[in-house]
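Enquirer: In my numbering, the protein residues as written are 4 to 618.
No lab work stands behind these hints, which were simulated from the structure alone. Cβ atoms here follow ideal geometry from the backbone N, Cα and C, with glycine treated the same way. Treat the hints loosely; a few may be bogus.
With a Cα cut of at most 27 Å, we get these calculated DSS-like pairs of lysine-lysine [said to hold, decoys possible]:
| # | residue 1 | residue 2 |
| --- | --- | --- |
| 1 | Lys573 | Lys540 |
| 2 | Lys215 | Lys257 |
| 3 | Lys316 | Lys387 |
| 4 | Lys46 | Lys151 |
| 5 | Lys76 | Lys158 |
| 6 | Lys46 | Lys76 |
| 7 | Lys316 | Lys235 |
| 8 | Lys257 | Lys158 |
| 9 | Lys159 | Lys235 |
| 10 | Lys232 | Lys262 |
| 11 | Lys235 | Lys257 |
| 12 | Lys215 | Lys202 |
| 13 | Lys151 | Lys232 |
| 14 | Lys257 | Lys232 |
| 15 | Lys68 | Lys158 |
| 16 | Lys74 | Lys158 |
| 17 | Lys159 | Lys76 |
| 18 | Lys139 | Lys76 |
| 19 | Lys158 | Lys46 |
| 20 | Lys151 | Lys139 |
| 21 | Lys68 | Lys18 |
| 22 | Lys557 | Lys74 |
| 23 | Lys232 | Lys139 |
| 24 | Lys250 | Lys232 |
| 25 | Lys215 | Lys139 |
Across the chosen pairs, the derived CB separations fall in these ranges [what the hints assert, rightly or not]:
| # | residue 1 | residue 2 | range |
| --- | --- | --- | --- |
| 26 | Gly138 | Asn19 | 48 to 56 Å |
| 27 | Lys262 | Asp433 | 48 to 56 Å |
| 28 | Ser608 | Glu380 | 46 to 54 Å |
| 29 | Asp133 | Asn19 | 37 to 45 Å |
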Amino acid sequence: MADQLPLEIIEKILKNLKPTDRLAASTVCLLWYEASLTMSLWKDVVLTFENSLDDAASVFQRTRKPVQHLKIKEINFSANIPGLFEFWSQISQNLLSLEIHGSYITEANLLSLLLQCQSLESLHFQNCRDTFITGKLFSNDLVLSHIKLAMPNLKKLAFSENSSYFSDALLDRFMALVANLTYLNFSGTTISFHPGINKKFYSKNNGKEETKSSELVLTFDCIMQHIAKHSKTVEHLDFSQTLIDDKACIALSKVAGLKLHSLLLRSCEASSTGISSLCATQSTLTELDISSCGRITDNALNSICSLLPNLQKLSIQNCRAVTDIGISYLSQLCCLWYVNLQGLQHITSLGVENGLLSKRNETLTQINLSNTRVTEETLHQLAKNSPFLTHLNLTSCKMAVSDSSLRVVLNSLLQLRELLLDWCISLTDDGFDTENLMVINPAAEADGKFRDKQLEVPSSKLQGNCTPAEFYSFSGLIHLSVSGCNKLTDRSLQYAFRFRELRHLDLNACLLLTDIGLVALSEQNRGLETLILNYGKFTDEAMTKAISYLSRLKRLSLHGCLNLTNLTLKAIEMYQLRYLSHLNIGHCRLISLEYAFQFQLRMPSIRELDTAGLE
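Construct all of the structure, not just a fragment, from the sequences and the given hints.
Expert: What follows is the structure, given as structure tokens:
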């Protein structure tokens with residue numbers, strides 16, 4: 004039947020699937036595989052090569068799947084890799100973004116690779132100190148001109164976590180490749196902001212523009228010159244985990260023609276003064292991240308909320324000086340759909356409710372309240388006034404999360420896709436029991452406003468053995484984490500955890516769970532890709548049964564499961580979990596270290612095997 008559908012219908016079906024579901028569907032038959040080759044279906048798929056290219060090269064020589072986004076991690080390009088350039092010429096044709104993480108690549112090899120990436124738009128080097136160590140990369144002007152001609156569409160550059168060896172000279176050369184820069188990322192990279200550094204490496208009488216760029220240091224002045232040059236096109240800047248301070252922020256705010264859309268300044272030295280100066284000139288900002296900037300106060304929030312009317316995403320995680328006064332200013336941001344308030348110890352329910360929940364807020368879809376002092380009343384207001392929430396983080400919100408407040412959340416927020424409840428230790432099975440509550444569904448009235456209406460449950464759903472809790476369980480949760488909720492029992496796994504879309508489940512340290520619950524969970528949630536069962540009391544028999552249902556597992560963590568033996572590893576082999584790439588069996592004392600190593604040799608898909616504590 005599947006091979007009789009028209010190709011156009013199959014393509015439409017695939018477009019509505021998530022990437023992992025799409026990849027699985029492409030294996031149904033040859034016709035579905037042909038449909039999956041449509042270019043538009045690969046725009047959100049990132050292909051990752053890790054540790055070695057040998058297997059990847061042999062596989063991709065036999066496939067026609069287009070690759071648009073590629074990430075290379077920890078691969079040594081210094082030696083000759085058989086078939087490398089034949090393989091690269093095949094996958095580089097449609098390549099839009101290339102990320103090189105922790106890899107060493109010679110200038111000759113990098114040149115050969117880049118010359119074939121004619122559609123490349125984004126180039127990212129992360130922690131590539133060995134590649135930059137000589138300081139001479141692309142020092143030949145003729146080589147640079149050839150690369151620029153080969154990549155006419157390049158507009159995004161990232162140099163993150165390069166703690167040494169990246170310099171002004173290297174930046175100049177890479178910037179020469181870009182005609183219209185839109186994105187620049189230096190997160191975690193060593194940048195010199197102090198004027199004394201300029202005096203040391205550049206003449207007092209001549210600016211950097213009049214002297215040869217240094218191959219020993221990366222200065223903020225050099226970066227600023229390039230930002231000023233591309234001020235008409237630059238939209239996104241990332242200076243996270245650098246020493247950028249108020250003086251640098253003020254200098255950035257004075258760049259003529261600069262109209263940023265996104266500015267990331269996580270873990271920086273900026274204070275309210277610097278942030279306010281940026282807000283005064285960058286009213287076009289839609290995303291601002293000042294997480295873990297310890298000098299941010301309520302004054303910064305006042306400037307942000309009054310001067311950035313278009314702001315859609317705001318993260319002030321761990322800005323511990325912020326109080327309820329600052330949070331109350333958030334009510335001015337009518338476009339805000341993402342807000343991160345994690346770790347704000349001085350805010351209370353009053354500030355959150357005044358800032359975000361004083362009236363119906365249909366724009367807000369993602370909120371992080373973890374490690375805050377909000378109460379149950381806040382969750383009630385959240386469920387009432389923000390009906391379209393898709394992501395909710397309540398980690399360690401011990402005053403807010405109870406069985407009754409969780410039931411309100413589950414029954415009201417019908418579009419919830421991610422729910423994090425880690426270490427909400429008062430939570431029990433009753434929290435996931437929706438039997439005694441009305442399901443609230445936002446429905447549009449004729450006047451365009453929304454009213455709370457009861458969601459009618461068809462009588463057919465309540466016949467036989469199907470309970471109201473089971474009816475609710477057809478919700479769209481994709482990510483659920485209840486790590487440390489040690490009062491949960493098999494009852495939740497059997498009757499409440501039935502989510503068609505569930506891909507990630509964290510049951511770390513849920514000590515009352517047994518084999519019965521694990522088997523029921525696995526049978527009812529066969530799409531799981533990540534499963535964390537650390538410190539569970541499960542046996543080999545239950546794990547074998549669970550593994551037989553979970554053919555799509557990519558990550559499995561069994562850390563500290565003291566009852567498991569080599570039989571669990573044998574079950575993984577027997578049921579051929581071909582997608583499994585990360586397995587944690589650390590401190591599973593009954594599993595042999597020697598057997599674990601032999602198992603890894605027989606399971607080439609496993610890239611990371613944690614065997615800590617094995618003997």
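Enquirer: Now look at each hint and say whether the structure bears it out.
Expert: Okay, the hints, checked on the actual structure:
Straight-line distance between C-alpha atoms of Lys573 and Lys540 comes to about 19 Å, which keeps the hinted pair within the 27 Å bound. In summary, the hint linking Lys215 to Lys257 is supported, as the alpha carbons are separated by about 26 Å, within the 27 Å threshold. With a C-alpha separation of about 22 Å, the suggested pair Lys316 and Lys387 falls inside the 27 Å cut-off, and the hint holds. A C-alpha spacing of about 24 Å is found between Lys46 and Lys151, which places the hinted pair at or below 27 Å, so the restraint holds.
Straight-line distance between C-alpha atoms of Lys76 and Lys158 comes to about 22 Å, which keeps the hinted pair within the 27 Å bound. A C-alpha spacing of about 20 Å is found between Lys46 and Lys76, which places the hinted pair at or below 27 Å, so the restraint holds. Distance restraint check for Lys316 and Lys235: the Cα-Cα separation of roughly 23 Å lies within the 27 Å cut-off, and the hinted pair is therefore satisfied. For a cut-off of 27 Å, the pair hint linking Lys257 to Lys158 stands: about 23 Å separates their Cα positions.
A distance of roughly 14 Å separates the Cα atoms of Lys159 and Lys235; the hinted pair therefore holds under the 27 Å criterion. Of the supplied pair hints, the one linking Lys232 and Lys262 holds, its CA atoms being roughly 13 Å apart against a limit of 27 Å. Restraint check for Lys235 and Lys257: the C-alpha separation of about 14 Å stays at or below 27 Å, so the hint holds. Distance hint between Lys215 and Lys202 is fulfilled; the C-alpha atoms sit about 14 Å from each other, no more than 27 Å.
For the proposed pair Lys151 and Lys232, the alpha carbon gap of about 17 Å is at most 27 Å, so the pair holds. Of the pairs offered as hints, the one joining Lys257 and Lys232 holds, with about 13 Å between alpha carbons and a cut-off of 27 Å not exceeded. Of the supplied pair hints, the one linking Lys68 and Lys158 holds, its CA atoms being roughly 25 Å apart against a limit of 27 Å. Of the supplied pair hints, the one linking Lys74 and Lys158 holds, its CA atoms being roughly 18 Å apart against a limit of 27 Å.
With a CA separation close to 19 Å, the supplied pair Lys159 and Lys76 stays within the 27 Å bound. The hinted pair formed by Lys139 and Lys76 meets the criterion: a straight-line CA distance of about 23 Å does not exceed 27 Å. Restraint check for Lys158 and Lys46: satisfied, since their Cα atoms lie roughly 17 Å apart, inside the 27 Å limit. Restraint check for Lys151 and Lys139: satisfied, since their Cα atoms lie roughly 18 Å apart, inside the 27 Å limit.
With a CA separation close to 16 Å, the supplied pair Lys68 and Lys18 stays within the 27 Å bound. For the hint linking Lys557 to Lys74, the alpha-carbon distance of about 18 Å falls within 27 Å, and the restraint holds. A hinted pair counts as satisfied when its Cα atoms are at most 27 Å apart, and Lys232 with Lys139 qualifies at roughly 24 Å. For the suggested pair Lys250 and Lys232, the alpha carbons sit about 20 Å apart, so the restraint of at most 27 Å is met.
Using a Cα cut-off of 27 Å, the hinted pair Lys215 and Lys139 holds, with the two alpha carbons roughly 13 Å apart. At roughly 49 Å, the beta-carbon separation of Gly138 and Asn19 lies within the given 48 to 56 Å, and the hint holds. For the pair Lys262 and Asp433, the beta carbons lie near 52 Å from each other, so the given range of 48 to 56 Å is met. Range check, Ser608 to Glu380: Cβ separation about 48 Å, and the 46 to 54 Å hint holds.
Distance hint check: the CB atoms of Asp133 and Asn19 are about 43 Å apart, consistent with the given range 37 to 45 Å.
Going through the hint list in order, the structure satisfies each hint without exception.
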